[in-house]
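Given the sequences, and given the hints that come with them, work out the whole structure.
So the chains spell out like this:
Number of protein chains: 2
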Amino acid sequence: MKLTILGCHSATPRTNTNPTSQVLEIKNHMFLIDCGEGTQVELRRNKIKFSRIKHIFISHLHGDHYFGLVGLVSTFRLLTRETELHIYGPKGLKEVITLQLKLSDSWTNYPLIFHELTSKDSELIYEDNKVEVHTIPLHHRVYTNGFLFKEKENERKLDINAVLNANINMAYYRKLKQGADVENDDGIIIKNEMVTKDPSPSQSYAFCSDTVYDENIVPLIKNTTVLYHESTFLDKNEDLCERTKHSTARQAAIIAKKANVDALILGHFSTRYNGYEEFRSEAKEEFDNVLLAEDGKTFEF
Amino acid sequence: MKLTILGCHSATPRTNTNPTSQVLEIKNHMFLIDCGEGTQVELRRNKIKFSRIKHIFISHLHGDHYFGLVGLVSTFRLLTRETELHIYGPKGLKEVITLQLKLSDSWTNYPLIFHELTSKDSELIYEDNKVEVHTIPLHHRVYTNGFLFKEKENERKLDINAVLNANINMAYYRKLKQGADVENDDGIIIKNEMVTKDPSPSQSYAFCSDTVYDENIVPLIKNTTVLYHESTFLDKNEDLCERTKHSTARQAAIIAKKANVDALILGHFSTRYNGYEEFRSEAKEEFDNVLLAEDGKTFEF
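Note that the protein sequences, when read in sequence, are chains C and G.
Residues in the first sequence are numbered from 0 upward in steps of one, following numbering that gives the first Met the number 0.
Residues in the second sequence are numbered from 0 upward in steps of one, following numbering that gives the first Met the number 0.
Honestly, I wouldn't trust all of these hints.
Unchecked claim - Capping the alpha-carbon separation at 16 Å, the derived lysine to aspartate or glutamate pairs in EDC-like fashion look like this:
#, chain 1, residue 1, chain 2, residue 2
1, C, LYS176, C, GLU192
2, C, LYS26, C, GLU152
3, G, LYS257, G, GLU214
4, G, LYS244, C, ASP158
5, C, LYS90, G, ASP104
6, G, LYS257, G, ASP287
7, C, LYS244, G, ASP104
8, C, LYS93, G, GLU94
9, G, LYS93, G, GLU122
10, C, LYS53, C, GLU83
11, C, LYS151, C, GLU192
12, G, LYS1, G, GLU293
13, G, LYS156, G, ASP197
14, C, LYS90, C, GLU126
15, C, LYS235, C, ASP261
16, G, LYS101, C, GLU94
17, G, LYS90, C, ASP104
18, G, LYS90, G, ASP127
19, G, LYS1, G, ASP197
20, G, LYS48, G, GLU24
21, C, LYS151, C, ASP180
22, C, LYS221, C, ASP261
23, C, LYS101, G, ASP104
24, G, LYS93, C, ASP261
What the hints assert, rightly or not - Footprint (simulated), chain C over chain G, 3 or more residues, beta carbon under 8 Å:
#, stretch
25, 67–79
26, 273–284
Unchecked claim - Which chain G residues face chain C? A few, computed with CB under 7 Å, are given here:
#, residue
27, GLY62
28, VAL95
29, THR97
30, LEU102
31, SER103
32, ASN259
33, ALA262
Bear in mind the hints are in silico, worked out from the structure with no lab data behind them.
These numbers were taken from a predicted model, which means no experiment stands behind them.
Note that beta-carbon positions come from the ideal geometry of N, C-alpha and C, so glycine has one too.
Written out as structure tokens, the structure reads:
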């Protein structure tokens, strides 16, 4: 699982900071999460192939999370893309993108499929044989969802020496990986746990931005491998959280602790601060494994 | 008259090239012309104060000319702007900007005034006591206008020694500057041309992008000081001009020559080319004073 931060700053793009966008590489997918102005340039800067992006997830319709989307959709067209593009985001997104395509008299030459979200409950919005994506309803000034990306349980691993010794036909290897007991060439039933090992643990990633501190999300992200939680402010500006529906670094860390995640990545920093180390130190008072997002930074898990 | 090129490349923003946007400083105005994605960052990079921009002119609704506008409008709001903002552009622009504001539940706290254009004839769209702005109907794939910015005729200059010798009361200086004859303190009529000099010549700037080669614009831009004319292609790709409704460098230069302008600036280069010197050399075969636009470059006239 590899996460590339294209932008992790709030409000407006600047010469040295980008608004929210990130790419999650998981089970051979490249999921683009949020798409602030300038995202297509950051994709190029980070050498991410446009053609590998097939699913885009938009948390909410504030500009710093999606003003780069229409440009990316248009650029895909200019690059003569033919592959389907699926966009998941709040109701209204389809209207705003298609209106702009209509005004420019240039429809896409690839299938552009919108999955508009309106539910206030968590939903399964994407699934294949390797991953699932669920929404995480968040509490912000407008309708907002975070997204939980979960690898499905991996297959059991063959203990190849044990398998050979047990005289099992190769035709049964698939069943073994799926956890079944099998009959060997001598007609003896071989218990699965005798010839296989536990699978490598499945990983998961929860993206939660923008949101006020909200313990309702804890059950949804329980035991997640990595949690990205916004931390727009430091303790000294906590008074701004309720009005703007944002969180502090400490609040993000409390959520991480309650959800028992392995690692917390902080981001969506307000540009009022000069450095971000204080975000880490305030969060570490509540939760140990705190990482800081940074434009252009890659995390591998 | 000072022109700052924020972006002068066609189609898509890239790590080293920006789509169309420029700022014309004329008679204390800062006119923003077109606003491709990333324009607000380029304004910051070029240290142009956001508060000085009160009028934005959008040529047409292709993304490389206006996808940065909604972000700029939103950033003005976040910066608690109170001054009026006037936006001139094709019909449809108001709908697309206000839809995005509505979806983000964040109206502007400053007056945002749209002047939607639909005429196929040249129109006077802005006027004060120092400048006029006229549309230049262009011929592109969608409804498009160029813009002609004209200083009004400057006042005559006082020949101060002659004025003093002629014994003229200071109260008449204003009338002299406006070209009138006046009576001096001895009751004698003083002919204006005896005590004043010709005004400094008025300057003008014509922005023409995007457009196919079109001689119909020549009368509208006749004797303009500076013409910015798109030149997306070189001679060798002239065949693409008719289909895409763009021009070559040579065609831009022929327009400059026919319109008898002082200087021609070429821009809106296709990213298919590596360098741009060939644009200059091909254009110079038709017209002498050819300049090349470049992101971040400033021209003073």
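query = Checking C-beta pairs, does the stretch 273–284 of chain G have three or more residues closer than 8 Å to chain C?
reply = violated (count 0)
Restraint check for LYS90 (chain G) with ASP127 (chain G), where alpha carbons must lie at most 16 Å apart = violated, 24 Å
Restraint status (C-alpha distance of LYS156 (chain G) to ASP197 (chain G) at most 16 Å) = holds, 6 Å
key: Restraint check for LYS244 (chain C) with ASP104 (chain G), where alpha carbons must lie at most 16 Å apart   = Status holds; Cα separation ~14 Å.
ask   = Given the proposed pairing of LYS257 (chain G) with GLU214 (chain G), does the C-alpha separation stay at or below 16 Å?
value = holds, 8 Å
inquiry  = Hint check: LYS53 (chain C) vs GLU83 (chain C), CA-CA at most 16 Å. Holds or violated?
reply    = Satisfied, since the Cα-Cα distance of roughly 7 Å is no more than 16 Å.
query = With 7 Å as the cut and Cβ atoms as the points, is ALA262 (chain G) at the interface with chain C?
reply = ALA262 (chain G) check fails; min Cβ-Cβ to chain C is 30 Å, beyond 7 Å.
query = Regarding the pair LYS101 (chain G) and GLU94 (chain C), is the alpha-carbon distance no greater than 16 Å?
reply = holds, 12 Å
query = Hey, LYS90 (chain C) versus ASP104 (chain G), does the alpha-carbon distance stay inside 16 Å?
reply = holds, 13 Å
task = Take the C-alpha atoms of LYS235 (chain C) and ASP261 (chain C), compute the straight-line distance between them, and say whether it is at most 16 Å.
result = violated, 27 Å
inquiry  = For a C-alpha distance cap of 16 Å, please report whether LYS1 (chain G) and ASP197 (chain G) respect it.
reply    = With a Cα-Cα distance of about 23 Å, the restraint between LYS1 (chain G) and ASP197 (chain G) is violated, given a limit of 16 Å.
query = Against chain C, with CB atoms and a cut of 7 Å, does the hint on LEU102 (chain G) hold up?
reply = holds, 4 Å
Hint check: violations occur at hints 4, 9, 11, 14, 15, 18, 19, 21, 23, 24, 26, 29, 32, 33; the rest are consistent with the structure.
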